[in-house]
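Novice: In the numbering used here, the protein residues as written are 1119 to 2113.
One thing to keep in mind: the hints can contain errors.
Stated by the list, open to error - Within a straight-line C-alpha distance of at most 25 Å, the following computed SDA-like cross-link-like pairs (lysine to any residue) qualify:
(1) K1329 x T1719
(2) K1512 x N1452
(3) K1252 x G1505
(4) K1259 x E1202
(5) K1223 x T1719
(6) K1236 x N1160
(7) K1329 x S1291
(8) K1573 x T1719
(9) K1909 x T1719
(10) K1190 x Y1177
(11) K1208 x V1844
(12) K1657 x V1616
(13) K1465 x S1521
(14) K1236 x S1553
(15) K1165 x K1657
(16) K2044 x R1946
(17) K1623 x V1844
(18) K1623 x N1452
(19) K1236 x D1251
(20) K1465 x S1553
(21) K1935 x N1160
(22) K1673 x G1778
It is worth saying that the hints were derived from the structure and are not from the lab.
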Amino acid sequence: MVSSISRNYISGLSSGLDTEALIEQTIKAESFSKFSLERKRNTLTYKQEMLREVNLALYNLQTKASDLSLSKTFTTKKVSSSDEKLVTAKATTGAAVGSYTVKIKQIATASSVASSSKLAGALQNGELLTGSDKIGGTATKLSVLGVSNDSGETFAGLNIDLTASNGSTHSLSLANISEDDTVGSAIQKINAQIASDASFKDKVRASYDEKNNQIRFNLLDSSVQNVTFTDASDDGLNANLFGSAVVTLNSATPAANSNKEIRSGSETLKSDLGLKGSFSLTKGATSVTINLDDLDSFPEDATMEDIISEMNRQLGQAGGAFSKSGVATSNPANYASEFRYNDVTGKLELINTDSTDTRSISVAADDALSDGNFVSSIFGSSSATTGVSADDAKTLSEETFASKISSGKITVDGVQIDINADTDKLSDVLSRITSLTNVRASYDSDTDTISFTRKDGSSAAIGVGSATDSSNFLRATGMISGSQSSAAVLSGSSQSLVSGYADTKNAIGASGAFKITVNGETTEINYSDTDSYQDVLKKMASVSGVEQAYYDVEKGRFVVQGSDKGSSSRITVADSGAGTLISGMGLNGTAEGKDFGSTLTGSRSISGISSSFSLDEAGFVTPVSTGKFSINGVEFEIKNTSNTTVDSIIQMINSNDEVGATAQYDPTSGQFILTSKETGNQSIAIGAPTDTSNFLSAMGLTNAVQNIGQNAIFSVDGLYGGAEQVSQTNVIGDAVEGVIFELKNVTTGAGETINVSVDTDAAMEAVKGFVESYNEVTELIYKHLTSEPNKELTALSDEEIDSLDDETLNTYIDAYKVGLLRGDSTLRTIRSQMRAAMSAVVKGVDSSFNSLSDIGITTGTIGSSYTETMLGKISITNEDALKNALANNPNEVAALFNESKEGVGIAKNLKDVLNAFTSSTGILTKRVGRTDSSVTSQMDTQIKSLNQQIASQQSRLVMREEALLKQFSSLEAAMSEYQSQSSSFASMLSQGQSK
């Protein structure tokens, strides 16, 4: 039925007819045209599906043909190495077949730069006074460098003239720079005035090169034509520091450095600092006065290192609170307090050598010198006192130990001691050890190590740790692996050459030589009659392996101490020739170290950087400032040190694709390391004139010596006569055309062999894949063209389709499809053109390789059946011939499939043939369409037309059914009325008869 019949009556109630059945039969009889259209549409749909299957198969074959039409399919090379651990290679299609002997003398490595100084600050300094400014360098006064002004007022005539890119000129007069300015303050004033003038801002800048200790003028804007700094005064800034009154910058010379020596740090001279006068130091009940005007002790050419050494000697000789033993000493190991130069901060420090020593030290100037007073110059005030920093109050868990400290028990010299990492400070633990055991525990902030020393001075072994220890304190601080060995100390016998320290400055009065042998290495030292005993001691101390050489005022003897420890260390001092100095000094002899001394020293530094902590809390010896820093010209910014970590900075650097370097922090060595992403002898640019953060210097990178990468050195037999070649990279692509070598390690002997050959396996797979795909298409088309249809089967209408279960339906449809495409003209055309393409003889190629049969591919063997012949399949009948052609004549095979100057190759021709059918505008695609195309095909149009006709028939049948329903309803109504009238008439008739 077209639809369910809607009625308000019972079928045939009056007429007695089955009206529903009558309507259904009528509609079914009149549905023949619709069923016919449905069968026609379904048949067309089946044909479209089968032809689309063919179209897809043709497209896949076209892809295979495209692969064969590419020369690289046959000219791809494969490479083998005699040792892939040493050298490997890749080859392009243009590489020549052959063997290459590669010798590698050196592989390329990447440049790197690591922290040149310890990044971590001491965990606890105890009583400490730090200088207010760096020693020398930027703290050097201009007057010391020769800059002066007769009037003693501001300089005049230091001007900057700038010519912009458009030719406009601008001038700026730099004022308020006095001879009393330091190098640093002068640079600040110059930059401040530049920044205040819009014509000069961000175009030029002054800076200080800490690595070379030079003032630098920098051109920041390369578009500026030129900038000149001019100083009219002969004693002016330019004339004195740059050697010329005029300094010019331009694109060719974007920077200029001062050429006058500016000393800094421990090499700074007393005269550089202008130090003079005397000052006193007081610690507890002990006071000592140091007079810098004593030229015998502090000559004008004395370096800061010399000054520190002499000041410390005078402190030691004061004895009392300044000596660990309480008596006068000249042994640096016995100093209780000392001056130190911090090579990280560049500042002078006054400190107690034992951080648990809580006695403060006060320093005060003994005169009213306003210029050159030591205390004012170094510490920024005429008097100052040591103090304890907030860091010293941190608990063990808060401190930046190299290894995190845990709470629990430790055992020292047989005594068990409790540690609470959350409440104990380092000084608490050391004091507890000292009070509970027979050893004195101390922390040296200079060496960043802990020591245990026998209180009685004996060399009895100090036991550390036990099986019941639960805290890692002893292990984390290196005490478990520490050494109790002592160095070789040659302490002279009684001598009469000097009666006190003052005599050690006297001239020897004779010339000669002596030998000093340290652990088997002998050094001969000459001395003259004008040398003093102190000069001789300095020469001894300069010998490798000698820790110190000094005059012991306590015992009145000369002492030489080695740096190595243990019984294997040895020092021998003896006169050479006729010299008698060593004998006179009582040093003629040999001393050996001991495996057990009185002190056990930790094996490593205990402080570290916590890379996950904020920069403020990470434990740096030099606080990191906000601002910008540059690596290889790429700028990075630290906006807030309280929420920025070392880890986040490393991530910021490593995620930048332009910087050309990677960053890492090595907790083992305590170093921040930058490594170039590229190999070879190229350096990493550290910093830029525009940097405003001290991050790079705080990381110890600014003055660090870079480990410049090395270039690869190699040779290839037959290339430049086998001469050595140099490359910045280990990937060599320009030595042999088409071959890319990758150097991995140094070779030995005759070198390693790289073999380049044709990749016949890949080519063979491509040919086999093509043959297989071609045969599948051929078989599919042949099956459709020759299959006999079952004439007893007809297409099904939609109603018939709905009446069948899926299995029955699919079986029926599959059977019905057979033969639907028999004799299809499009398929016949495709088959014909495919066979013609495959059997063609290609023009313009080697006659030995101008057809498929020449490489072992034929349409079958002699004696094949009729069916096999008609199928038109191809097969590789001579695989050896094909392999031989691919291996020895790859270019000829490529031409056979691709093309030549005169003709189109087989694969290229087949691809073009197939494309004419499978492309979006191809013959077959236009006829049947493609599932991946929105183009309306001819069959799509036909199916659409049939669907429209079917819909029209459906509408007609619906209207016909409604009309029949109305007709039968009217019939039933008339019959009902007739029956009602008949009944009334019969009733009336019956009533009349009864009367």
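Novice: Output the numbers, in ascending order, of every earlier hint that fails for this structure.
Specialist: Going through the list in order, the structure violates hints 1, 2, 4, 5, 6, 7, 9, 13, 14, 15, 17, 20 and 22 and respects the others.
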